[in-house]
Each structure stands twice: as structure tokens, then as C-alpha cells.
Amino acid sequence: MKHRASLLGGIAAIIATFVVFVIPFLFIILMAFKDRQQSALRDFSWPAGFHLWDNVVEVGQTRNWMMITAFINSSIITVASVTLLVVFAAMVGFVLARRRTRWNPLIEFLILAGLMVPPAVVPTIWVLQGLKLFGTIHGMILIEVAYNLPFSIILYRAFIATIPRDMDEAAVIDGARPLDVFFRVILPMLWPVTVTNIVVQSVGIFNDFTNPLYYLPGNANATVQLTLFNFQSQFSTAYNLLFTNILLITIPPLIVFLFFNRQIVAGMTAGAVKG
Amino acid sequence: MTAIAATTVEGKAPARKRRGSTYPGWFFLPAAIIYAVLFLAPTFASLYFSLTRWTLFDSVFIGLDNFAQFFREPFLIRGLVNTVLYAVITSGLKVVIGMALAIMLTSQIVARGYLRSVIFFPVLVSTVGVGITFTVLMHPTQGIINETLALFGIAGPGWLVDPRLALFSVALVDVWKGVGLATVIYIAGVVAIPKDYYEAARIDGATKWQNFLYVTLPLMRPATATVITLSFIGGLRTFDLIWAMTKGGPGFASDTVASVIYKQYQAGFYGLSTAGNVVLFVLIAILVVPLTMFLNRKQGHE
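Those protein sequence lines, which keep their order, are chains A and B.
For any residue, its number in the working numbering is found by taking its place in the first sequence, counting from 1, and adding 1.
For any residue, its number in the working numbering is found by taking its place in the second sequence, counting from 1, and adding 51.
Hints were generated in silico from the structure; no laboratory data involved.
Any given hint could be a false lead.
[As the list claims (entries may be wrong)] Estimated spans, in silico, between C-beta atoms of each pair:
no.	chain 1	residue 1	chain 2	residue 2	range
1	B	S110	A	F51	54 to 64 Å
2	A	F261	B	G114	43 to 53 Å
3	A	L259	B	V242	20 to 30 Å
4	B	L115	A	P165	53 to 63 Å
[Stated by the list, open to error] Among chain B residues calculated to face chain A with C-beta under 7 Å, some are:
no.	residue
5	P93
6	S97
7	L107
8	S177
9	I195
10	I284
11	F290
12	D291
13	Y321
14	N328
15	L331
16	F332
Positions of the beta carbon are idealized from the N, C-alpha and C atoms, including for glycine.
Could you build the full structure based on these sequences and the hints that come with them?
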């Protein structure tokens, strides 16, 4: 009886999640396979022909290969800012967890403030202009690092607290200097949290729309999200292209997810919940 | 932050000099510089610039005029109310649904891997992509949602064109997109509960419902605190989904503080836009600080 009940429950869950979660994705995929006329109907029908490749090519060529440029820009921003985030946040988390000083409460307050306080947009543009970084990829990378540091630091700090200090001391006795201790002993042991960090931050930064909208204006440096948004107004009738675009820019986050899927829950257990 | 490094090293010397050098204060520096220049400095600058009429080159001090204007405009008040409503709805639903899904997905259920992946998948899709997709699905006459409802003889509402509904429709899509992350956090919370507690409860003859109420629920408090804090702050700041789906419309029906800030920025009212930032900042401080204090205090009782 019990088995039967759980089987029925499982089937109900599968049907419910299929309707709520899978159908919207099937819709995106089906639309990406259609030609312009059929996609204009915006219905849940089977594609009349295989037009995915034509759509991909057309999306790619639009506005002088802007989509390709955007893909490159977004990838550079994501990889660079996630790399900096991992190293800098782990450094802060390491020292913050290991050394108690009277400055710790202030640093912890600043981290919490960074999680809560919404960035002051126009003053940030003003600062970026002063530094000649407004509208540049470099500026965008530093902005993503600044905004996402607090969350990364919290994850790292909670996890480093679970690594015994004996590790550091053994390394010091073997003659390791601080940088050796950190990069060769501690950082490798942080891998579970680093994975969580890489997944969460890279998906978030690649999918970021608001910050590039403010800090990265102009077509030369457009990111994929901005390109998609502008695409929407330009091709308001070419639904096949619009949905091909959505499908294409979902691929990189999907790859990251498939790579690290199993380790996400482990990292969350280690970091977010205990923190 | 250099000051921090200097004083702490001095304070610890000389007995613990060796330990101090294993954890050098300059490890804070790269993060501190980026954070101070691009986050702290603009935040403090915003306190001044919100009191000015500002063109990015010149600023004229005008006192509290921006704030007065902010609270005089009825649609700005509407934006403020919408922001709170949106945050409460989205974080509330994410807690309830996320918790239910996590309990379901940690039990012996068929197709667990499939269910986990499917629920998490929307987290990976960009907010703009989700917004565009649901704008099409929610079209009042040609959208699939209403066409399906029509098959059952139900006249579907104008999800995004009805001013009374637009904000709620966007909030529902937000939950659809974000509930996967809440579920993962809750799964981590459920997995972390030691099995002994359930065994003890079983010996005491606890029912399934009692198990949930007296073991699972209290021990998931840290996870709940994380989910509520993250999704509530996210909800208060929400911009991208609103902008992708309704641009604050119809009229100003789904405007939030964040979309008002962007509209003022676009229109070149930089001082007013910055004042909006300060209002949002104060709103978050008033609502989130007591909330986190409450959540953490309860945690201390266990």
C-alpha cells in the first residue's frame, strides 16, 4: 500500500512538474525550430520543417555579428570576474576565519551591508567615469567582483572554519610562507565551496542584465542579455529568431550546471546553510 | 584597510608574530580596494548627490526637494507599495513551495533525479529570456496559458495587461524561476538533519505530520533564514524581470522602486534617481534588519 501511494505521488509530481516546468522549455525549443511564419502563430505546434540551423545563422549575422561579439564579451566578463572572485574572496574568508581582531566585527558588518544595500547606480557611473572605466569591459568585471564579493566571502568563511588549523601550522613548520599556505594548502581544500561559487556566480554574472544595462552602454561592448533585450524590440514579429536567441544563450549556463551538478548540494550544505 | 593590517600586526607582536604572518592582513587588500572604490564610495556619495540637482558634471544643492518630489508623486508611492508587495509574495511562496518540494525530493520518490533537475533548470535561464517567454505565454488572446484555459471553458485573465494583475503575474514568474534555488538550499538543510532525531521520534510514536512539525521544521530554521533573507532582499531590489515583462506597465501598475530609479536615470534626472536609491536603501534597512535579527534570535534558542 505504502509503495503504491508513493508511486502515485511520484507520478502526480512528474505530471505537475511537466506542465509547470517542462512545457515552457519545450515551447522555447519548438519555436526555435520553426520558420518565421509558423512562429508568428505562437502556438504549441510541431515545427513544419527543420529551421533551427537557418535561425542560428540568421541570429548570428544580425547587426554585423553582434550576437557573436556579445557572446565573446559575456564570456570574458564571466570568466575574469569569477576567477577574481574566487581568489580574492577565499583570501578574505581565510584570514577572517583564522585571525580574531577587533576589526572583524567591522569587516563582517561591511560584508552584510554589501549583501543588503542596493548599489547606488548613478554615483557608481560617476566614479567609473572618473577612473576612465565607464563603458569598458574592465570596469564591468570590477563591478561584478565588487557586487558579488560579500556572498562569496560568506560561503568561504563558513567553510574555512571547518578546516583544522593544524593544516596551516604543519605547513608553516615545513617552512611555507603565507602565500604558499594559502595557494598550495588551503585553496585546494576549498574545492567544494569553490565549485558552488563558480556555479552560482558564473550563472548569475552571465545572466546579469541590470548591471550591463547601466554600466556597459553602447553596441561595441554589448553582453548577450542586452543583445537579447534589444532583439526583442527590433524583431518583435520574428519569434523564431527571438527564441533561438534565448536557446543559444542558455547553453553556457547549462554546460556549467551539467559539469558541476552533483557538487552543488554538497557545497550548499558546507557553506550557505551552516553560515 | 591598510590601517587595519598595520594595527593588527603591531597589536599581536611580538609573542604571536609568527601566527600573524601566516594570516597576513594584506590578504584583505585586493577585495577591500575594489569594494571600497566601486561600492562603498558610491554609496556614501549617493547620500550627498540625492540632495542635489545633478548632471554628472555639475550638481546644485537643493536639500530634500528630490525626496519631497518622490513622495508627492502618486505613482512613486505606488512603486513603493508594489516593491514591498512583490517581495512579500515572492519570498513567501518560495519558502512554502521550496520547503514542500525539498521534503518531497528527499523522500523515496520515483524519478527523483529528473524532478530535481527540472525544478532547478529555470535558475539557469536568464531573467530576460524567462521574461520574454512568459510574456508570449501570457498573451491575453494568443497566449498558450489562456488558450489552454479556454479549452476548459475558463476565460483567462489579461495576465500582463490588466493593471490589477500585472504585478502578481510577474511575481508568479519570479517564483517559477527562483523556486529551484530555494529548493536546493532546503534540500541541503534537510540532508544535514541527523537521522537520530527521526529515530527518537519514531520510538516516541510520532506521526509523519508530527515528524515534520517538531523535527524537520525547527531544524530547518537556518535554511529558512537563508531562503527568506536572500529572496526577500532580491524581491525588494527586483528590476530585470519587471523590465523585461511589463516595463512597469500598464501605466505605472507594476512599477517598483528599482524600475522607477531606472526610468528617472533614463530621463536624465540623476539626482532624483539617486534619491530613489536612498529610499530603496532605507526601505531595505527598515524591513530586512529586524527580519534577520528575528530569524537569528530564534536560531539561538535551540
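Hint validation: L331 of chain B versus chain A, beta carbon distance must be below 7 Å. Holds or violated?
holds, 5 Å
Restraint outcome when F332 of chain B is required to lie within 7 Å of chain A by C-beta distance
holds, 6 Å
Return holds or violated for the Cβ distance of L115 of chain B and P165 of chain A against the range 53 to 63 Å.
holds, 55 Å
Interface hint for D291 of chain B, Cβ within 7 Å of any Cβ on chain A
The hint holds - D291 of chain B has a Cβ within 7 Å of chain A, the shortest such distance being about 4 Å.
Does the CB of Y321 of chain B sit less than 7 Å away from some CB of chain A?
holds, 5 Å
Beta-carbon spacing of F261 of chain A to G114 of chain B - inside the hinted bounds 43 to 53 Å or not
holds, 52 Å
Against chain A, run the beta carbon of S97 of chain B and see if the smallest gap drops under 7 Å.
OK, holds: S97 of chain B within 7 Å of chain A, min 3 Å.
C-beta pair S110 of chain B, F51 of chain A: status relative to the range 54 to 64 Å that was hinted:
holds, 58 Å
Agreement of hint L107 of chain B with chain A interface, Cβ distance less than 7 Å
Cβ of L107 of chain B sits 6 Å from chain A, so the hint holds.
Indicate whether the distance between the beta carbons of L259 of chain A and V242 of chain B respects the range 20 to 30 Å.
Because 21 Å falls inside the window, the suggested range holds.
Answer holds if the nearest beta-carbon of chain A is closer than 7 Å to that of N328 of chain B; otherwise answer violated.
Result: holds, 5 Å to nearest chain A Cβ.
Against chain A, is I284 of chain B within 7 Å by beta-carbon distance?
Where the cut-off is 7 Å and the nearest Cβ of chain A is about 6 Å from I284 of chain B, the hint holds.
Hint check: no violations occur; every hint is consistent with the structure.
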